[in-house]
Amino acid sequence: MSDHTKSSPLKMYFSVWGALLLGTYLTYEAAKVDLGVFNAAVALAIATTKALLVALFFMHLKGASEKLLKLVVFSTIFFLMLLLALSMADYGTRTRL
Amino acid sequence: MPDSQTSTMAATHAHNPALLHHFATEEQQRDSANLGMWIFLATEVMFFGGLFCAYLIYRRLYFGDFAAASKSIDAALGGTNTAVLICSSLTVVLAIWAAQTARRTLLISMLVLTMLFGCVFLGIKAKEYKDKFDEHHVPGATFSFEHEQVPNAPEGVYANPRHAQIFFALYFIMTGLHALHMIVGLGIFSWLLWMSWKGRFTPEYHTPLEIGGLYWHFVDIVWIYLFPLLYLIDRHA
Amino acid sequence: MATSTVQPVEREDYLNKEYGVGSWLLTTDHKRIALLYLIAITFFFFVGGFFALLIRLELLTPAGDLVQADTYNKLFSMHGMVMVFFFLIPSIPAVLGNFLVPMMIGAKDLAFPKINLLSWYLYIIGGIMMTHCILTGGVDTGWTFYTPFSTAFSNTKVIEAGLAIFINGFSSILTGLNFVVTIHRMRAPGMTWSRLPLFIWAHYATSIIQILGTPVIAITLVLVVAERALHLGIFDPKLGGDPLLFQHLFWFYSHPAVYIMILPSMGVVTEIIACFSRKRIFGYSFVAMSSVAIAVFGFLVWAHHMFVAGISVYAALVFSLLSYSVAVPSAVKVFNWTATLYKGSIHYDAPMLYAFGFLGLFTIGGLTGLFLAALGINVHVTDTYFVIAHFHYIMVGGALMGYLGGLHFWWPKISGRLYPEGWARLAALIVFVGFNLTFFPQFVLGYIGMPRRYYDYSHMPEFQVLNVLSTAGATILGIGYLLPMIYFLWSMRYGKPAPDNPWNAAGLEWMTQSPPTTFNFPEEPVVTWEAYNYEEIDAGHKQEVHVAR
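Residue numbers (the working numbering), protein chains in the order written: chain E, 4 to 100; chain F, -15 to 221; chain G, 7 to 555.
Bear in mind the hints are in silico, worked out from the structure with no lab data behind them.
Errors might be hidden in some of the hints.
Restraint ranges, calculated between C-beta atoms of paired labels, are given here [as the list claims (entries may be wrong)]:
| # | chain 1 | residue 1 | chain 2 | residue 2 | range |
| --- | --- | --- | --- | --- | --- |
| 1 | F | V168 | E | L74 | 22 to 30 Å |
| 2 | F | I92 | E | L74 | 30 to 38 Å |
| 3 | E | R97 | G | V532 | 54 to 62 Å |
| 4 | E | F81 | G | E427 | 45 to 53 Å |
| 5 | E | S78 | F | G183 | 20 to 28 Å |
| 6 | G | G143 | E | A88 | 39 to 47 Å |
| 7 | F | T89 | E | M91 | 47 to 55 Å |
| 8 | F | F47 | G | I131 | 39 to 47 Å |
| 9 | F | I92 | G | S200 | 42 to 50 Å |
| 10 | F | D118 | E | S78 | 21 to 29 Å |
| 11 | G | P243 | E | M91 | 18 to 26 Å |
| 12 | G | F341 | E | F81 | 41 to 49 Å |
In silico lysine to aspartate or glutamate, EDC-like type, Cα no more than 16 Å apart, as pairs [unchecked claim]:
| # | chain 1 | residue 1 | chain 2 | residue 2 |
| --- | --- | --- | --- | --- |
| 13 | E | K35 | F | D218 |
| 14 | F | K55 | F | D115 |
| 15 | G | K349 | G | E530 |
| 16 | E | K35 | F | D58 |
| 17 | F | K55 | F | E132 |
| 18 | F | K55 | F | E112 |
| 19 | F | K55 | F | E119 |
| 20 | F | K55 | F | D218 |
| 21 | F | K55 | E | E69 |
Since this is a predicted model, take the numbers as computed values, not measurements.
We put the CB at the ideal spot given by N, CA and C, even for glycine.
Please construct the entire structure, taking both the sequences and the accompanying hints into account.
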């Protein structure tokens, strides 16, 4: 396989790197602002974006030829969310008798 | 005969010595290793996931106490560590690119740099742990968290030390487990560095670098979540 | 059915290829690793069975007169831990799965043979730790390790037991990982997903559970050990912790774990029913999809173990509803097996007797699970012998019967010898009778109020009759289990040499030598036929195992 496609990843890698650092800075600054209940949401949204950038571009999930790897990632996150959501739902719906 | 994608490498008429006997082709071997590592990372996500579950539940139950405890850990150091790991992920992908393009010197220097970043991360963590030790925030017999103001609450509302202790217990277990994974990562990368030094990687075969890289990126992703969740609760006072 | 040809010259196979302890302890051959597991899990089966025997002896009389209360707590705890973690969970995947998965898909080995060996060593290390724990005082928390008793009050070796199970868990995770990668990447040409034996589908589904679920109990045990060692308070109400958090995390794995225990057995039963009815499995896709569905749905129901523990009413409602849903794919399988049997040409060889036993006993066990999913009934029978009977019907009447049936079915392939069929049928019947006598009375006992984990029921002496029946049954059951041990061992020396395909069964594994060579197939097979093509086989068409290239 020739090297022609290999030179462009560098640009992509450095862009992602920049975006990740920017995201970190944004998270840090956003925490200093009072957004009420949305502080946590914003922090998690930025974290998720960063995680997606790492997974898609650094871990090459985007270019993966078959859907299997994406299925592995999706399933894992699905079951983790199940654990978090249903447990927290128990705590969230407990009332005093 | 195994498929060969290029004709440049030596020993094309025999099996590539890296091809294991139970695989039919190098592609099958590489795809298997890749899938295997992704699945392993899935197990790691669930492993850390249990801790995140415990953390999120208690954070919701004892928000004020957790906020007070969180204030006592250094967000600047945490943020710096986040940046350090992000840089290390960059050097990992650059190392793999170097292997893909047969740039041996770059490969080795990127691997060394990655490990250096990893050591910086651990060094900063050690400093943080020492601070907690000095402030008696380590759970157990010496724990003390009296008269700590709950952020954004009326003056004189102090954190419940028992609940704060739960924060610190989870803080140490989560970051400690993460640091342990980091140390294992350094071990893996030492081995990759040694293999690279001996010239074992080529544009056709550098699977260990790829899957080692996947592991490293995962460790980075865990920290990407740990940082805001642990360090940045309610800091807008 | 069998036409045996006596081999004049001893052929090379995976057993005689190399001799010596080193060639076994350092093997990467999946078949040898399967046998290593077989020896180890048989050992733990008898350890767990020994504890069961002591439990049943104590319960012969209402008074607690055989052992002390603390000792009894240890007995049922260690019985549970050993049976669940060191016998049932590995059993079929580690023995039959390891042996057969590569062969059934036409591969030379699993994707990661060295990791397979590592899995075995992790199992052994965990097993040694568990044995040491047992021999130096044991653990009394119940196999469920509920907090804060396990973290703050128990005076037994909780940390050691927890760490033993933690290490053992990684054996399970790595086996699951190996199977998934193998099934995705190593299928022979022509072996499409829809031609896979349903045994493979079952193990694929099981592996998903092992991969996603086991890490959660691993971290939970880490937390228990940390809390016990450092007095942290994560699960201790006195320190602000919630014991229910432990239960959520524990059961998030331990419920899907029961599907780890039953799914492979369902896979075995499918293979056996098809072969001994000489028919294709009715509704192949439904059976395949139901395995995956059980794996997925199994993760949705864990809090049905916590209905009376203090979860919110709304959570209880949701989990009750979800628990009903998980029965559906299991029922689908039962219907499909039944439809397969219909108008089949039934042969009553020993494996088939175990499969029939499975069908009836699993159905009863599964139906009583539905009783338990109903909140009203659950409140009445929680922590009684009803629950114990329910899960033993599935674990022993279901999973263990499947395991025994599978051992018999593939024994000629594994050992190159035939087991004595007459003794095998007798043993199967003894197991069936002994099992029902042991556990059916326990449904009644539970319903009329006998609590579980009690060594003394002298406040209700009317429980004694049923307990005596149960203990009598357990003795018969024990004999039933000993018989195969004896005649399998006997057959390795004195059994008739087995032909390559004594059952005339479908499946790539039967197209290899008995016992197989180290790399299974002389050349990579090319598959051009559908699974379970018994009509073709019985009509005399031979499947040619084509040369690949």
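Which of the listed hints are not met by the structure? 5, 10, 12, 15, 21
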